[in-house]
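In mature numbering (1 follows the signal peptide of the UniProt record, and there is no 0), the protein residues as written are -26 to -1, 1 to 81.
These aren't lab readings, by the way, just hints derived from the structure by calculation.
No false leads were mixed into what you were given.
DEER-style ranges, computed between Cβ atoms:
#, residue 1, residue 2, range
1, 32, -22, 45 to 51 Å
2, 13, 48, 17 to 23 Å
3, -24, 10, 44 to 50 Å
4, -25, 27, 56 to 62 Å
5, 16, -23, 53 to 59 Å
6, -20, 33, 42 to 48 Å
7, 4, 52, 15 to 21 Å
8, -26, 4, 38 to 44 Å
9, 7, 47, 25 to 31 Å
10, -23, 31, 53 to 59 Å
We treat Cβ as the ideally placed atom computed from N, Cα and C, and that holds for glycine.
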Amino acid sequence: MTPKTLILTRLLVVPLLLAAAGPCLAKQDTNLTLDQAVEQVQHDTGGKVLSADRREFGRRTEYRIKVLTPGGYVRTVTVPSESDRRPAPAQSTKNPAGNGRGNKEKH
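All chains should be modelled from the sequences, with the hints used to inform the complete structure.
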């Protein structure tokens, strides 16, 4: 291979490799670790973390964190991992059922 061919090959191959690795890297960045979940709960509640566990339900992963709140109460907070968060279901665009006299619209 000539130096010119080698450079052209690298210019073509490197972007393809980066494009292929992009989704894998993006998925890793969206996962919330147990340590991050603990920090989030500490920040949100202002309490002292007593324990933290990871639970898996099929493909779902969540963290259960037990906290002693500043008010003296023990509270268990469940934090889903970031990859488990799904967008809220969209509102239905169907017309409501009505009052039982059929589904005709009244004008």
